[in-house]
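> Read off the chains here:
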Amino acid sequence: MDRRTFLALPSIALASEPEGQFVSEAKFYEKLPNKKIKCKLCPRECVVDDRERGYCGVRENRGGTYYTLVHSRVAAANVDPIEKKPFFHVLPGALAFSVATAGCNVNCKMCQNWDISQVRPEQVHATYLPPAQLPAMAQRYRCAAVAYTYSEPVVFWEYMFDASAAARAAGLKSIVITGGYIQQDPLRRLAERVDAIKVDLKAFSTKFYKEVVNGELKPVLDALAAMRGLGMWTEIVYLVIPTLNDGDAEFTGLARWIKTNLGQDVPVHFTRFHPEYLLKNLPPTPVPTLERAKAIADAEGLHFVYIGNVPGHPAENTWCPKCKRKVVERTGFTIGAVDVQKGKCRFCRQPIPGVWGT
Amino acid sequence: MAALSRRRVLQAWLGSAPGLYGGPPNSTVAIARDPQVRSSQARLATLLDRAVQAVYGSDSAEAAWKRVARPGEVVGLKVNCLAGRGASTSVALVEAVCERLQQAGIAAKDIVIWDRLNVDLESAGFRPSSRSGRIRTLGNDELGYGGDLAVYGSVGSLMAKTLTHLCDCVINLPVLKDHGIVGVSMALKNLFGAVHNPNKYHLNVGDPYVADVFMLPPIRQKVRLHICDALTAQYEGGPSYMPQWSWPANAVLASLDPVALDYTGWQILEQKRAEKGMPPLKAVKREPGYIATAAGAGHGIGTCDPKRITRLEV
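So the protein lines, in turn, are chains R and A.
Just so you know, we're using this note's numbering here: the first sequence kicks off at 1 and counts up by one.
Just so you know, we're using this note's numbering here: the second sequence kicks off at 1001 and counts up by one.
Treat the hints as calculated values from the structure; they're not laboratory data.
Where is the CB? At the ideal position from N, CA and C, for every residue including glycine.
Wrong hints could be hidden among the right ones.
As the list claims (entries may be wrong) - Far from chain R by the CB rule (all over 10 Å, computed), these chain A residues:
#, residue
1, E1122
2, G1133
3, K1200
4, R1220
5, T1303
Said to hold, decoys possible - Derived BS3-like pairs: lysine-lysine, alpha-carbon spacing no greater than 30 Å straight-line:
#, chain 1, residue 1, chain 2, residue 2
6, R, K36, A, K1285
7, R, K36, A, K1282
8, A, K1282, R, K38
What the hints assert, rightly or not - If you want the footprint, here are the derived chain A segments under chain R, 3+ residues with CB under 8 Å:
#, stretch
9, 1138-1148
10, 1229-1241
Go ahead and model the full structure; you've got the sequences and the hints to work with.
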């Protein structure tokens, strides 16, 4: 899709809706004495009193039963190029009908979508878009996939799970853009219905996760390993933030961990940071820093290392790891030649892993 | 209104004067008790007067109330209603505060009772109303939150417009109670109700989040007085109401210093826990370290040094 076509896509009007239709019992929690509950959706395992909510702000204990407040409660809906997610090995040039609810289970200081991720559902404009209606909406806009994105899909797990079944029945892919802060059981269930998952690995440092993300690194690494074990197509984005997660040792550690635990073929996107939310005091990432990260990851043997948020950079393209020819050409969100045929390089027949659709 | 001994009030007030002797300021926490307080609204009002008069060191309760706010100012009463009836700020106490404010010259239309949600207010027995010319009772869901992030330390929040746009000053009316995550919930914690994202601030037993939220400019600038409802207090199982762990303390605590008030209230709860054979909060990993953080460098909200807290039983 060219830029003119992309800019001409309609935005979708949202309207406020009554509350009750968004509320359904949560799938993953334990009941505790005195009407308390323990959430088992994410590693945080919030213990929530009656009438209180978990850290995500979108799940509430009502009399000892835990509810999601965001089933079908869509706070953002857009038609995006799949490259914007970014997925570089999934249906190049396709459109993704992208939805999000309010809420997130971490609180990253660099969040670009904090106005929906860091608010409660009642604090943001939303519309009722049940799973049954989602495929038709996606198809109306010629989308090949439904993307669960923008905020944190883990916190709207029930909606994503139901919607991905409806999408699959309609012949659409389901793709997830997540921080990967999820317990193993809900992840395994999700893998039954989801075609691809992109994980924002925020850093390769426990300190960063504690101080900047308000979360933990290890459960994310565990989830990544599980995703590969479950056969989910996985890509990784690493937002490079000046002074906070841009050291050579961190890049090296990250690349080695990926190679050892996930394999050389997992795409890694080093993307450029722009000052947002609570990190407005830092400058955008210098492009040479991203190139340094890529060089380190390349040297460690990763096959598909990209640079993101730098439109026109050669490292946006996909290069065959064997014959070194360009097999997918990209400029920003615009796709040029695609020389992947049936999952292989058109020039040397080297397998190029991904979800190619042809 | 009942009068206190002038000498006791003067002693307490001198002790509270910030920087009077060159060192860190002392703080007064007044604790007014009356076992018969539930017998009439008049007794409750009298109890309240004793606490407020002691805090301001005034000659009379009337004079003390006139120091809280000036006629023409809009006074917010930040109640705590999440737990519904039983462990929320009592309607009777708030009615007594409203009565005294009006006697001090504050017009009814300039009094705003507020908390996070209308449904919370209703569950505690308040009747949300925004009718002009009368006392208003508003959840933050009425006016919503501003669009600009207020930032301090670990927190970044949107502020309730009730606080930023409507109120000139605030009387903070928390409840003396236990909190299952952050240890205790009193004056400092009650201001979580002024931000859009309190669910983000319960990590690490609330430290430093509780102190950081209190530093957000609209809160720090507008909250003038803290009156803690200890008519019924709760030493375990909070913030929800758990009658098996509540007791009729029949008291009101008041202070200009939320840190001193929280420290004092925390000690009361610890004493009750010990009486009931329960472990101290530290032993159950719920020691409210945010109180010391609020007193420390970088915050300086008040004092939690018992040597600098004048605990005045009135």
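> All hints are to be evaluated individually against the structure, with a verdict given for each.
Verification of the hints:
No beta-carbon of chain R comes within 10 Å of the beta-carbon of A:E1122; the shortest separation is about 12 Å. With a least CB separation of 29 Å from chain R, A:G1133 remains clear of the 10 Å interface cut-off, as annotated. Look at A:K1200: its CB is around 5 Å from the nearest CB on chain R, not clear of 10 Å, so calling it non-interface is violated. Taking the minimum C-beta to C-beta distance to chain R, about 19 Å, the non-interface status of A:R1220 holds against the 10 Å cut.
With a least CB separation of 29 Å from chain R, A:T1303 remains clear of the 10 Å interface cut-off, as annotated. For the proposed pair R:K36 and A:K1285, the alpha carbon gap of about 18 Å is at most 30 Å, so the pair holds. Proposed proximity of R:K36 and A:K1282 is supported: the alpha carbons are some 21 Å apart, at most 30 Å. The suggested pairing of A:K1282 with R:K38 holds, with an alpha-carbon distance near 22 Å, which does not exceed 30 Å.
Residue count for the stretch 1138-1148 of chain A with a Cβ under 8 Å from a Cβ of chain R: 3. That meets the three needed, and the coverage hint holds. Check on the stretch 1229-1241 of chain A: 4 of its residues sit with their Cβ under 8 Å from a Cβ of chain R, so the three-residue criterion for coverage holds.
Hint violations for this structure: number 3 only, all remaining hints satisfied.
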